[in-house]
Structures are given as structure tokens and as C-alpha cells.
Amino acid sequence: EDKVVQSPLSLVVHEGDTVTLNCSYEVTNFRSLLWYKQEKKAPTFLFMLTSSGIEKKSGRLSSILDKKELFSILNITATQTGDSAVYLCAVEDWNTDKLIFGTGTRLQVFP
Amino acid sequence: GAVVSQHPSWVICKSGTSVKIECRSLDFQATTMFWYRQFPKQSLMLMATSNEGSKATYEQGVEKDKFLINHASLTLSTLTVTSAHPEDSSFYICSARDGLGGTDTQYFGPGTRLTVL
Numbered sequence: 010e011d012k013v014v015q016s017p018l019s020l021v022v023h024e025g026d027t028v029t030l031n032c033s034y035e036v037t038n039f040r041s042l043l044w045y046k047q048e049k050k051a052p053t054f055l056f057m058l059t060s061s062g063i064e065k066k067s068g069r070l071s072s073i074l075d076k077k078e079l080f081s082i083l084n085i086t087a088t089q090t091g092d093s094a095v096y097l098c099a100v101e102d103w104n105t106d107k108l109i110f111g112t113g114t115r116l117q118v119f120p
Numbered sequence: 003g004a005v006v007s008q009h010p011s012w013v014i015c016k017s018g019t020s021v022k023i024e025c026r027s028l029d030f031q032a033t034t035m036f037w038y039r040q041f042p043k044q045s046l047m048l049m050a051t052s053n054e055g056s057k058a059t060y061e062q063g064v065e066k067d068k069f070l071i072n073h074a075s076l077t078l079s080t081l082t083v084t085s086a087h088p089e090d091s092s093f094y095i096c097s098a099r100d101g102l103g104g105t106d107t108q109y110f111g112p113g114t115r116l117t118v119l
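If you read the protein sequences in the order shown, they are chains Z and F.
Residue numbers for the first sequence follow my numbering, beginning at 10 and rising by one.
Residue numbers for the second sequence follow my numbering, beginning at 3 and rising by one.
Chain Z on its own, in the form it takes in the complex (with noise of 0.2 Å):
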């Protein structure tokens, strides 16, 4: 069966702070691995990554992926109170285009 896994499901760090998230996989189909960022209201976009080895940067934030390992990392470095929420991983399976997610990691940044 096909799952995504999260890990930490939580942490709480101090602003300033660096902090790496995991999203390990086992997708029969894969076609790409995608981060989302979810707060109060619904996840919006992150990242989405299709090739081994490449790192995906945007200011703060950046992401890889290990198509061998079936694993991806997302960095966050100097974090804000801002970044506070659930960051969700998911597979997309090329076969149904559906998303696979993960639980999720609930990162809370304190001043």
C-alpha cells in the first residue's frame, strides 16, 4: 500500500532557529514529491520536486530530493513566528494524479 510518512509530527523551536522536515515515501507510481504550507485555511504551495539531487529554494525555504532513498528534506532557516503551521508532503501518483499526503508536521516558532 502507498504511504507518505512525516516526521516530527511537531516541533517547537525559537525564532531564529533552523529546522529540516522529513517526508519519507513508498509510491508505486511516483511522479512528484510536493510540500505545502497549511495555516488556519487550506495548504498552499510550496514546492514541487520530479528530479533527484536538485534543491528547490525559495528565500528561507528550501527542499530536496533522494529518488533512491525515497526521501525528501524541507529546510526552513532563521524561521518567523510567520512560518508557524502544518507543512504537508504528498506523492503524486502519475497513474490517478491523485496526492498521497502525509500527516503533516506542526511547526510552532516562538518569539
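FYI, nobody ran anything at the bench for these hints, they're computed from the structure.
Hints should not be assumed to be uniformly reliable.
[To be verified] Which chain F residues face chain Z? A few, computed with CB under 7 Å, are given here: (1) Ser45; (2) Ile95; (3) Gly111; (4) Pro112.
[What the hints assert, rightly or not] FRET-style restraints, in silico, Cβ to Cβ: (5) F:Lys22 / Z:Phe54: 23 to 29 Å; (6) F:Gly18 / Z:Thr53: 30 to 36 Å; (7) F:Glu65 / Z:Thr90: 29 to 35 Å; (8) F:Leu119 / Z:Lys77: 34 to 40 Å.
[To be verified] If we take Cβ atoms under 8 Å as the criterion, some of the chain F residues that face chain Z in the derived model are: (9) Thr34; (10) Leu46; (11) Thr51; (12) Tyr109.
Every residue, glycine too, gets a C-beta built ideally from N, C-alpha and C.
Once you've looked at the hints, dock chain F against the given chain Z.
Just chain F now, with coordinates in the frame of chain Z:
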């Protein structure tokens, strides 16, 4: 770019009534849209896949006669919760896939919070 809207953003209705939620891709065409529901502090649960011009594909355990989906155009899908009951109260989120020569990424609408009294 890649904006998905949902309407309404919240709705309160009486038990037994039907509620329609619209999902629109504003700046791209989406052959495939998805409908999710989310309970507090839980992850998104896929309800159905909506394909333009064809019948929706429902996930196991989702009643197709209760959650009617129509994908009439490449930019609009609707979810109608028929004869709503309090247990249908939830956060309903749609996503649209920018797959027609676009980014091949799913973008989410802002969600609709449904409360059934």
C-alpha cells in the same frame, strides 16, 4: 498565477437542506479537480476526483448520491452536499491540477467551512 477560488468560504445551513460549493481555477484550465474534506487537526481526506466532461470517481466509503460532483467546464467544478446533516459539518477543500501544458502541480482553493445545524 495558479489561483483556485472557492465559493462560499463558509456556510451555515439547516439539517436536510442541500449546499453547493463551487471551485474555480482562475488563470489556468484544469481537466482534473479534486475534492477533499478535513476534520480538525487531521490531514486531508480525498473524497473524489472530478474530471471535466465525465463522471466523478469517488473514494471508497464516500456516497456519490450524497456528494454530487459536476465538472462542467475546464475551470469549474461543483460539489453539492445533499440533505446535509450535522455530521457533514467539515472543511471542504478543492484542488485543481494545472496539467494542460502547465506546471503539473495541484493548487488548492481556500476551502469552504460547512456547518450544519
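Evaluated hints:
no.: 1; hint: Ser45; result: holds, 5 Å
no.: 2; hint: Ile95; result: holds, 5 Å
no.: 3; hint: Gly111; result: holds, 6 Å
no.: 4; hint: Pro112; result: holds, 5 Å
no.: 5; hint: F:Lys22 / Z:Phe54: 23 to 29 Å; result: holds, 26 Å
no.: 6; hint: F:Gly18 / Z:Thr53: 30 to 36 Å; result: holds, 35 Å
no.: 7; hint: F:Glu65 / Z:Thr90: 29 to 35 Å; result: violated, 42 Å
no.: 8; hint: F:Leu119 / Z:Lys77: 34 to 40 Å; result: violated, 53 Å
no.: 9; hint: Thr34; result: holds, 5 Å
no.: 10; hint: Leu46; result: holds, 6 Å
no.: 11; hint: Thr51; result: holds, 7 Å
no.: 12; hint: Tyr109; result: holds, 6 Å
Violated hints, listed in ascending order, are 7, 8; each of the other numbered hints is respected by the structure.
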